[in-house]
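Per the UniProt record's numbering, the sequence shown starts with residue 1, numbered consecutively.
Source of the hints: derived by calculation from the structure; they are not laboratory data. Hints may contain errors.
Unchecked claim - Now the in silico label distances, taken between C-beta atoms and shown as ranges: (1) 280 / 57: 37 to 43 Å; (2) 66 / 214: 32 to 38 Å; (3) 123 / 54: 36 to 42 Å; (4) 184 / 54: 50 to 56 Å; (5) 248 / 57: 47 to 53 Å; (6) 197 / 6: 30 to 36 Å; (7) 130 / 179: 29 to 35 Å; (8) 246 / 213: 29 to 35 Å; (9) 176 / 156: 46 to 52 Å; (10) 53 / 252: 50 to 56 Å.
A virtual CB, placed ideally from N, CA and C, is assigned to each residue, including glycine.
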Amino acid sequence: MSQASWDDFRIAYQVAKSGTLTKAGKVLNMNHATVLRHVNRLEESLDTKLFIRHQRGYQLTDAGELVVKELPDIHKSFSRLENLMASAEKNISGNLRITTLTDFSPILNPALKAFRQAYPKLRIQIIATDEIIPLATGAAHVSLRAGAQPNEPDLIVKKLNAPEIHYFAADSYVQEYGLPKNCDEYNQHLWALPSDNKRHIPFVKQVLRHINEEQIIYQSNHFPDIHSAVVEGMAIGPMGVHHSIKYNNLQQLDIKIEHGIEGLWFVYHKDLKNSARIQALYEFLAKSLN
1 MSQASWDDFR
11 IAYQVAKSGT
21 LTKAGKVLNM
31 NHATVLRHVN
41 RLEESLDTKL
51 FIRHQRGYQL
61 TDAGELVVKE
71 LPDIHKSFSR
81 LENLMASAEK
91 NISGNLRITT
101 LTDFSPILNP
111 ALKAFRQAYP
121 KLRIQIIATD
131 EIIPLATGAA
141 HVSLRAGAQP
151 NEPDLIVKKL
161 NAPEIHYFAA
171 DSYVQEYGLP
181 KNCDEYNQHL
191 WALPSDNKRH
201 IPFVKQVLRH
211 INEEQIIYQS
221 NHFPDIHSAV
231 VEGMAIGPMG
241 VHHSIKYNNL
251 QQLDIKIEHG
261 IEGLWFVYHK
271 DLKNSARIQA
281 LYEFLAKSLN
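Let the hints inform the model, and build the full structure from the sequences given.
Right, here's the structure in full:
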(Lines of atoms letter the chains of each structure in order from A; the text may use other names.)
(Lines give C-alpha, C1' and ligand atoms only; values in the text may rest on other atoms or scores of the structure.)
Protein backbone atom coordinates (compact mmCIF):
# COMPACT_ATOMS: atom_id res chain seq x y z
CA MET A 1 0.00 0.00 0.00
CA SER A 2 1.43 3.42 -0.97
CA GLN A 3 1.77 6.16 1.63
CA ALA A 4 -0.29 9.31 1.03
CA SER A 5 1.42 12.70 1.17
CA TRP A 6 0.08 16.16 1.99
CA ASP A 7 0.08 16.85 -1.76
CA ASP A 8 -2.36 13.97 -2.27
CA PHE A 9 -4.80 15.51 0.22
CA ARG A 10 -4.32 19.00 -1.23
CA ILE A 11 -4.97 17.82 -4.78
CA ALA A 12 -7.98 15.72 -3.81
CA TYR A 13 -9.41 18.76 -2.04
CA GLN A 14 -9.05 20.81 -5.23
CA VAL A 15 -10.77 18.07 -7.26
CA ALA A 16 -13.66 18.18 -4.78
CA LYS A 17 -13.89 21.97 -5.13
CA SER A 18 -13.53 22.04 -8.92
CA GLY A 19 -15.69 19.01 -9.70
CA THR A 20 -13.48 17.62 -12.47
CA LEU A 21 -9.86 16.56 -12.88
CA THR A 22 -9.40 18.98 -15.77
CA LYS A 23 -10.60 22.03 -13.83
CA ALA A 24 -8.54 21.05 -10.80
CA GLY A 25 -5.50 20.59 -13.04
CA LYS A 26 -5.86 24.12 -14.41
CA VAL A 27 -5.89 25.59 -10.91
CA LEU A 28 -2.97 23.42 -9.79
CA ASN A 29 -1.09 23.76 -13.09
CA MET A 30 -0.96 19.96 -13.45
CA ASN A 31 -2.03 17.67 -16.24
CA HIS A 32 -5.00 15.30 -16.00
CA ALA A 33 -2.86 12.20 -15.44
CA THR A 34 -0.89 13.73 -12.56
CA VAL A 35 -4.04 14.81 -10.74
CA LEU A 36 -5.58 11.35 -11.20
CA ARG A 37 -2.43 9.66 -9.89
CA HIS A 38 -2.55 11.68 -6.65
CA VAL A 39 -6.26 10.94 -6.15
CA ASN A 40 -5.73 7.21 -6.74
CA ARG A 41 -2.79 7.11 -4.34
CA LEU A 42 -4.80 8.81 -1.59
CA GLU A 43 -7.71 6.40 -2.04
CA GLU A 44 -5.33 3.44 -2.00
CA SER A 45 -3.60 4.72 1.14
CA LEU A 46 -6.92 5.24 2.95
CA ASP A 47 -8.33 2.00 1.51
CA THR A 48 -11.59 3.71 0.61
CA LYS A 49 -13.22 5.47 -2.31
CA LEU A 50 -13.42 9.24 -1.90
CA PHE A 51 -15.04 10.01 -5.26
CA ILE A 52 -17.73 8.61 -7.50
CA ARG A 53 -16.66 8.99 -11.13
CA HIS A 54 -19.36 9.86 -13.65
CA GLN A 55 -19.57 11.64 -16.99
CA ARG A 56 -20.25 15.05 -15.45
CA GLY A 57 -17.27 14.92 -13.12
CA TYR A 58 -16.23 13.74 -9.65
CA GLN A 59 -18.72 13.55 -6.79
CA LEU A 60 -17.68 12.95 -3.18
CA THR A 61 -18.67 9.74 -1.41
CA ASP A 62 -19.68 9.87 2.26
CA ALA A 63 -16.10 9.01 3.19
CA GLY A 64 -14.87 11.74 0.86
CA GLU A 65 -17.16 14.26 2.54
CA LEU A 66 -15.64 13.40 5.92
CA VAL A 67 -12.06 13.83 4.67
CA VAL A 68 -12.67 17.03 2.73
CA LYS A 69 -14.63 18.61 5.59
CA GLU A 70 -11.46 18.78 7.69
CA LEU A 71 -9.11 19.92 4.93
CA PRO A 72 -9.78 23.66 4.49
CA ASP A 73 -8.35 24.68 7.88
CA ILE A 74 -5.38 22.33 7.51
CA HIS A 75 -4.80 23.55 3.96
CA LYS A 76 -4.88 27.17 5.08
CA SER A 77 -2.42 26.46 7.90
CA PHE A 78 0.09 24.78 5.58
CA SER A 79 -0.23 27.60 3.04
CA ARG A 80 0.25 30.23 5.73
CA LEU A 81 3.36 28.44 7.01
CA GLU A 82 4.76 28.29 3.47
CA ASN A 83 4.07 32.00 2.97
CA LEU A 84 5.66 32.96 6.29
CA MET A 85 8.78 30.95 5.44
CA ALA A 86 8.95 32.59 2.02
CA SER A 87 8.48 36.01 3.60
CA ALA A 88 11.33 35.37 6.03
CA GLU A 89 13.76 34.72 3.19
CA LYS A 90 15.78 37.79 2.28
CA ASN A 91 17.50 36.27 -0.76
CA ILE A 92 15.66 36.81 -4.03
CA SER A 93 15.68 33.21 -5.20
CA GLY A 94 13.48 30.13 -5.40
CA ASN A 95 10.03 29.67 -6.93
CA LEU A 96 7.70 32.55 -7.70
CA ARG A 97 4.18 31.56 -8.76
CA ILE A 98 2.16 34.24 -10.54
CA THR A 99 -1.46 33.90 -11.59
CA THR A 100 -2.59 36.24 -14.33
CA LEU A 101 -5.07 36.63 -17.17
CA THR A 102 -4.70 34.26 -20.11
CA ASP A 103 -4.10 37.18 -22.50
CA PHE A 104 -1.53 39.02 -20.40
CA SER A 105 1.61 37.03 -21.25
CA PRO A 106 2.65 39.20 -24.25
CA ILE A 107 2.75 42.19 -21.89
CA LEU A 108 4.23 40.38 -18.91
CA ASN A 109 6.92 38.18 -20.45
CA PRO A 110 9.27 40.95 -21.68
CA ALA A 111 9.27 42.39 -18.16
CA LEU A 112 9.78 38.96 -16.59
CA LYS A 113 12.71 38.25 -18.88
CA ALA A 114 14.46 41.38 -17.62
CA PHE A 115 13.43 40.53 -14.04
CA ARG A 116 15.02 37.09 -14.34
CA GLN A 117 18.19 38.64 -15.71
CA ALA A 118 18.34 40.83 -12.62
CA TYR A 119 17.60 37.88 -10.30
CA PRO A 120 18.90 34.74 -12.04
CA LYS A 121 18.22 32.43 -9.08
CA LEU A 122 14.46 32.87 -9.44
CA ARG A 123 12.24 30.27 -11.11
CA ILE A 124 8.99 31.73 -12.40
CA GLN A 125 5.77 29.75 -12.82
CA ILE A 126 2.81 31.38 -14.58
CA ILE A 127 -0.74 30.18 -13.91
CA ALA A 128 -2.75 31.69 -16.77
CA THR A 129 -6.47 31.72 -16.04
CA ASP A 130 -9.44 34.07 -16.25
CA GLU A 131 -10.64 32.70 -12.90
CA ILE A 132 -9.58 34.22 -9.58
CA ILE A 133 -7.40 31.82 -7.62
CA PRO A 134 -7.63 32.39 -3.83
CA LEU A 135 -4.14 33.31 -2.66
CA ALA A 136 -4.79 31.84 0.79
CA THR A 137 -4.60 28.38 -0.78
CA GLY A 138 -0.93 28.88 -1.62
CA ALA A 139 -1.50 28.00 -5.28
CA ALA A 140 0.10 31.33 -6.23
CA HIS A 141 2.23 33.97 -4.51
CA VAL A 142 1.08 36.91 -6.64
CA SER A 143 -2.06 37.61 -8.63
CA LEU A 144 -2.19 40.18 -11.43
CA ARG A 145 -5.84 41.15 -11.85
CA ALA A 146 -7.62 43.53 -14.20
CA GLY A 147 -10.86 45.34 -13.45
CA ALA A 148 -12.25 46.67 -10.18
CA GLN A 149 -9.90 46.89 -7.20
CA PRO A 150 -9.91 43.62 -5.22
CA ASN A 151 -11.23 44.04 -1.68
CA GLU A 152 -10.89 40.58 -0.15
CA PRO A 153 -9.64 40.54 3.46
CA ASP A 154 -6.03 39.51 4.17
CA LEU A 155 -4.83 40.74 0.75
CA ILE A 156 -2.41 43.55 -0.03
CA VAL A 157 -3.35 45.35 -3.25
CA LYS A 158 -1.11 47.71 -5.23
CA LYS A 159 -1.97 49.43 -8.49
CA LEU A 160 0.03 49.01 -11.69
CA ASN A 161 -0.33 50.99 -14.89
CA ALA A 162 -2.92 49.28 -17.09
CA PRO A 163 -2.02 48.84 -20.77
CA GLU A 164 -3.44 51.47 -23.12
CA ILE A 165 -6.02 50.00 -25.51
CA HIS A 166 -7.12 51.33 -28.92
CA TYR A 167 -8.82 50.01 -32.05
CA PHE A 168 -6.67 49.26 -35.09
CA ALA A 169 -7.02 48.20 -38.71
CA ALA A 170 -4.37 46.90 -41.10
CA ASP A 171 -3.39 48.89 -44.20
CA SER A 172 -4.88 46.15 -46.38
CA TYR A 173 -8.24 46.50 -44.62
CA VAL A 174 -8.18 50.28 -44.96
CA GLN A 175 -7.41 50.05 -48.68
CA GLU A 176 -10.45 47.84 -49.23
CA TYR A 177 -12.98 49.26 -46.76
CA GLY A 178 -11.68 52.58 -45.50
CA LEU A 179 -12.18 53.61 -41.86
CA PRO A 180 -15.28 54.71 -39.95
CA LYS A 181 -15.38 58.47 -39.40
CA ASN A 182 -17.74 58.23 -36.43
CA CYS A 183 -19.80 55.71 -34.47
CA ASP A 184 -22.67 56.00 -36.97
CA GLU A 185 -20.41 54.32 -39.55
CA TYR A 186 -19.29 51.42 -37.31
CA ASN A 187 -22.04 49.21 -38.69
CA GLN A 188 -20.64 49.59 -42.22
CA HIS A 189 -17.42 47.83 -41.20
CA LEU A 190 -16.14 44.38 -40.24
CA TRP A 191 -15.07 43.69 -36.68
CA ALA A 192 -12.91 41.19 -34.79
CA LEU A 193 -14.08 41.17 -31.17
CA PRO A 194 -13.81 39.03 -28.04
CA SER A 195 -16.49 36.48 -27.25
CA ASP A 196 -18.12 35.11 -24.11
CA ASN A 197 -17.60 37.04 -20.87
CA LYS A 198 -15.05 39.35 -22.47
CA ARG A 199 -17.88 41.11 -24.25
CA HIS A 200 -18.58 42.81 -20.92
CA ILE A 201 -15.26 44.66 -21.04
CA PRO A 202 -16.15 48.38 -21.30
CA PHE A 203 -14.13 49.16 -24.44
CA VAL A 204 -15.77 46.18 -26.19
CA LYS A 205 -19.30 47.15 -25.10
CA GLN A 206 -18.60 50.64 -26.40
CA VAL A 207 -18.41 49.27 -29.97
CA LEU A 208 -21.08 46.59 -29.58
CA ARG A 209 -23.69 49.28 -28.92
CA HIS A 210 -23.32 50.53 -32.51
CA ILE A 211 -23.04 47.37 -34.63
CA ASN A 212 -25.18 44.44 -35.65
CA GLU A 213 -24.05 40.93 -34.79
CA GLU A 214 -23.44 40.02 -38.45
CA GLN A 215 -20.73 42.70 -38.67
CA ILE A 216 -18.65 40.71 -36.18
CA ILE A 217 -16.96 38.39 -38.66
CA TYR A 218 -14.29 37.04 -36.27
CA GLN A 219 -14.65 36.15 -32.58
CA SER A 220 -12.38 34.53 -30.03
CA ASN A 221 -12.11 34.35 -26.25
CA HIS A 222 -8.35 34.83 -26.66
CA PHE A 223 -7.04 38.33 -27.41
CA PRO A 224 -3.92 37.14 -29.31
CA ASP A 225 -6.32 35.57 -31.84
CA ILE A 226 -8.04 38.96 -32.23
CA HIS A 227 -4.69 40.66 -32.70
CA SER A 228 -3.69 38.19 -35.42
CA ALA A 229 -6.97 38.72 -37.29
CA VAL A 230 -6.46 42.49 -37.21
CA VAL A 231 -2.85 42.27 -38.42
CA GLU A 232 -3.97 40.02 -41.30
CA GLY A 233 -6.47 42.65 -42.42
CA MET A 234 -9.61 40.64 -41.69
CA ALA A 235 -11.33 43.29 -39.60
CA ILE A 236 -11.04 46.16 -37.14
CA GLY A 237 -10.27 45.13 -33.56
CA PRO A 238 -8.87 46.17 -30.16
CA MET A 239 -5.19 45.92 -29.34
CA GLY A 240 -2.82 47.23 -26.71
CA VAL A 241 -0.60 50.07 -27.91
CA HIS A 242 2.41 48.18 -26.54
CA HIS A 243 1.55 45.35 -28.94
CA SER A 244 0.62 47.46 -31.97
CA ILE A 245 4.07 49.06 -32.19
CA LYS A 246 5.49 45.69 -33.24
CA TYR A 247 3.75 46.07 -36.61
CA ASN A 248 4.24 48.70 -39.30
CA ASN A 249 1.00 47.96 -41.17
CA LEU A 250 -1.54 49.12 -38.58
CA GLN A 251 -3.58 52.30 -38.43
CA GLN A 252 -5.14 53.49 -35.19
CA LEU A 253 -8.78 54.48 -35.42
CA ASP A 254 -9.97 57.80 -34.11
CA ILE A 255 -12.15 56.15 -31.47
CA LYS A 256 -11.95 57.70 -28.04
CA ILE A 257 -11.99 54.83 -25.58
CA GLU A 258 -14.55 55.76 -22.94
CA HIS A 259 -13.33 53.19 -20.43
CA GLY A 260 -10.16 51.20 -20.95
CA ILE A 261 -8.99 48.59 -18.49
CA GLU A 262 -10.39 49.83 -15.18
CA GLY A 263 -7.26 48.92 -13.29
CA LEU A 264 -4.38 46.48 -13.17
CA TRP A 265 -3.70 45.21 -9.67
CA PHE A 266 -0.71 43.53 -8.06
CA VAL A 267 -2.20 41.36 -5.30
CA TYR A 268 -0.56 39.18 -2.65
CA HIS A 269 -1.39 37.74 0.76
CA LYS A 270 -0.51 39.74 3.88
CA ASP A 271 1.66 36.85 5.11
CA LEU A 272 4.06 37.71 2.28
CA LYS A 273 4.34 41.41 3.12
CA ASN A 274 8.04 41.07 3.99
CA SER A 275 8.96 38.78 1.10
CA ALA A 276 11.96 40.11 -0.81
CA ARG A 277 10.80 38.27 -3.94
CA ILE A 278 7.35 39.89 -3.90
CA GLN A 279 8.68 43.39 -3.26
CA ALA A 280 11.30 43.05 -5.98
CA LEU A 281 8.70 41.87 -8.50
CA TYR A 282 6.32 44.72 -7.69
CA GLU A 283 9.02 47.38 -7.96
CA PHE A 284 10.20 45.90 -11.25
CA LEU A 285 6.72 45.71 -12.80
CA ALA A 286 5.82 49.19 -11.56
CA LYS A 287 8.77 50.56 -13.55
CA SER A 288 8.46 48.23 -16.56
CA LEU A 289 4.75 48.85 -17.16
CA ASN A 290 5.04 52.65 -17.05
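Here is how each hint holds up against the structure:
no.: 1; hint: 280 / 57: 37 to 43 Å; result: 40 Å, holds
no.: 2; hint: 66 / 214: 32 to 38 Å; result: 55 Å, violated
no.: 3; hint: 123 / 54: 36 to 42 Å; result: 38 Å, holds
no.: 4; hint: 184 / 54: 50 to 56 Å; result: 53 Å, holds
no.: 5; hint: 248 / 57: 47 to 53 Å; result: 48 Å, holds
no.: 6; hint: 197 / 6: 30 to 36 Å; result: 34 Å, holds
no.: 7; hint: 130 / 179: 29 to 35 Å; result: 31 Å, holds
no.: 8; hint: 246 / 213: 29 to 35 Å; result: 31 Å, holds
no.: 9; hint: 176 / 156: 46 to 52 Å; result: 50 Å, holds
no.: 10; hint: 53 / 252: 50 to 56 Å; result: 52 Å, holds
Consistency with the previously given hints fails for number 2 only.
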